[in-house]
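Residue numbers (the numbering used here), protein chains in the order written: chain A, 5 to 291; chain B, 5 to 291.
Nothing false has been slipped in among the hints.
Where chains are identical, the list cannot tell them apart; a pair therefore holds if satisfied intra-copy or between any two copies.
Mimicking BS3-like on lysine-lysine, the simulated pairs with C-alpha atoms at most 30 Å apart in a straight line are:
#, residue 1, residue 2
1, Lys242, Lys103
2, Lys103, Lys236
3, Lys44, Lys13
4, Lys236, Lys13
5, Lys44, Lys236
Think of the hints as simulated: they come from the structure by calculation, not from any bench.
There are 2 protein chains.
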Amino acid sequence: MQHELDGVKAPVQAALESAIARLPGGELRDAMLYAATGGKRLRAYLVLESARLHGIPESAALPVAAAVEALHAYSLVHDDLPAMDDDDLRRGQPTVHVKYSQATAILAGDALQSLAFELLTGEAVGDAGARLRLIRAFARAVGAQGMVWGQALDIAAESAATPLDLPAITRLQGGKTGALIRFAATAGPLAADADPGPLDRYADALGLAFQIADDILDVTGNEATTGKRVGKDGAAGKATFVSLLGLDGARAEARRLADLAEAALDPYGAAAGNLRALARFVIERDT
Amino acid sequence: MQHELDGVKAPVQAALESAIARLPGGELRDAMLYAATGGKRLRAYLVLESARLHGIPESAALPVAAAVEALHAYSLVHDDLPAMDDDDLRRGQPTVHVKYSQATAILAGDALQSLAFELLTGEAVGDAGARLRLIRAFARAVGAQGMVWGQALDIAAESAATPLDLPAITRLQGGKTGALIRFAATAGPLAADADPGPLDRYADALGLAFQIADDILDVTGNEATTGKRVGKDGAAGKATFVSLLGLDGARAEARRLADLAEAALDPYGAAAGNLRALARFVIERDT
Numbered sequence: 005m006q007h008e009l010d011g012v013k014a015p016v017q018a019a020l021e022s023a024i025a026r027l028p029g030g031e032l033r034d035a036m037l038y039a040a041t042g043g044k045r046l047r048a049y050l051v052l053e054s055a056r057l058h059g060i061p062e063s064a065a066l067p068v069a070a071a072v073e074a075l076h077a078y079s080l081v082h083d084d085l086p087a088m089d090d091d092d093l094r095r096g097q098p099t100v101h102v103k104y105s106q107a108t109a110i111l112a113g114d115a116l117q118s119l120a121f122e123l124l125t126g127e128a129v130g131d132a133g134a135r136l137r138l139i140r141a142f143a144r145a146v147g148a149q150g151m152v153w154g155q156a157l158d159i160a161a162e163s164a165a166t167p168l169d170l171p172a173i174t175r176l177q178g179g180k181t182g183a184l185i186r187f188a189a190t191a192g193p194l195a196a197d198a199d200p201g202p203l204d205r206y207a208d209a210l211g212l213a214f215q216i217a218d219d220i221l222d223v224t225g226n227e228a229t230t231g232k233r234v235g236k237d238g239a240a241g242k243a244t245f246v247s248l249l250g251l252d253g254a255r256a257e258a259r260r261l262a263d264l265a266e267a268a269l270d271p272y273g274a275a276a277g278n279l280r281a282l283a284r285f286v287i288e289r290d291t
Numbered sequence: 005m006q007h008e009l010d011g012v013k014a015p016v017q018a019a020l021e022s023a024i025a026r027l028p029g030g031e032l033r034d035a036m037l038y039a040a041t042g043g044k045r046l047r048a049y050l051v052l053e054s055a056r057l058h059g060i061p062e063s064a065a066l067p068v069a070a071a072v073e074a075l076h077a078y079s080l081v082h083d084d085l086p087a088m089d090d091d092d093l094r095r096g097q098p099t100v101h102v103k104y105s106q107a108t109a110i111l112a113g114d115a116l117q118s119l120a121f122e123l124l125t126g127e128a129v130g131d132a133g134a135r136l137r138l139i140r141a142f143a144r145a146v147g148a149q150g151m152v153w154g155q156a157l158d159i160a161a162e163s164a165a166t167p168l169d170l171p172a173i174t175r176l177q178g179g180k181t182g183a184l185i186r187f188a189a190t191a192g193p194l195a196a197d198a199d200p201g202p203l204d205r206y207a208d209a210l211g212l213a214f215q216i217a218d219d220i221l222d223v224t225g226n227e228a229t230t231g232k233r234v235g236k237d238g239a240a241g242k243a244t245f246v247s248l249l250g251l252d253g254a255r256a257e258a259r260r261l262a263d264l265a266e267a268a269l270d271p272y273g274a275a276a277g278n279l280r281a282l283a284r285f286v287i288e289r290d291t
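Bound conformation, chain A alone:
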């Protein structure tokens, strides 16, 4: 699966670079490119596989994959800010506000969000109806009913008197990391105007499994392989799936969710082999 994920890196990077290269030069553009470079490209892979399952050509899916990664990059830049999670290391490099400045990090994040929407308007993406369905679902995945909502809950939890319980943290992560993963996984049926149900259920389980694996890596991983600081959640006394379920319990829950994700793909039969393999991969990864 690492091989398949690596395979999308070059075309997604090229799509992002070509979109960013059209912008006026300067520190803002430099910071956008810096922020949008690297990463696992898991969300881009989900878009491309979801599109393939619905007969959508890669040339139409690639701008959508680039949009999702631009949006993901913006969310990391803003989440890393001192007023938020205050992280200085990301993808093995200094975070954007460390390398440039806080002002540039705020603006680069803002502009990456606009760029993501602009990418979805491209004619290559599909007919007008398809593009509008994607843009609307994307706006909802990002905003105050999706990713940003989850991040706001996460920030609020840090200063709360009692740590979150399992249902609360499951809901929070369903927004914070789940909403964009859900958009990426359902981009194919959305563009094709088909039933997004199976991929929606797949994404729900996958997103949660992914987050549990992240919490496990925060305890067992090291900075050299993850490319970011580890052990921060435990040190901050933050509730995580590991603090709530224990390490073994979290691993068992991740496996259960990966099974659930695989089962959700039944309607696609053998064609969904790559997405099944991805569900195993996200819980076994070490980065």
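Use these hints to put chain B onto chain A, whose structure you have.
Leaving out everything else, chain B in the frame of chain A:
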């Protein structure tokens, strides 16, 4: 003209409130509503007048006007942050990061941008082609080739060794305040797939006249009427139209630009009377 501007306040506020009311409750939503409330609604008025000139019903233009005001609100929230312009007063009230927190201000701004795009996808706005044209132009007006680009230049100018000259500050303001005003003024022809040329030229002159009036108010105005801190630019040694042209020179240039804006409306004849009056109003306002 104040009467006409006041007339759009209630419907625009209602459109924003109804869009925000659909979001999950909590501090994030509260902060979004707080940020989106109040203001001159100049940009909303431009959208509604531009639409009227092209036969677009107010029911179709109102979500676009609300989108522009949501976007404008996000830009103010982020610009006011300590890492940016560090303002504590806006529209006569504490800024969002003062009333809530920096984290909430960053997230509320982010979510207001997503909400603006979501508003443009609404079926009431027009057919799919019209909505896509608006969304694409909007993304470009906002991002790293428009408003955010101008704000980045403005931040960079603060730490530059020499103050900006007139051509540089004109270009900067063409992005920072001009890009969204241009989008608002051309929303009508964009939606109607008509020539945006005359309103584009109107907006270029209006936006610059508006900014010059802002610079004049920063010197001559007071906090009670403007609702924001004044005298900051001079204290910071920042180049403004007043520092470059002098107070009388700036007033003359604003009048020249208002004349230019009026003249650009000739193709619309008497129907553009409100926009002509607006061009006088923006250079005579005291808030």
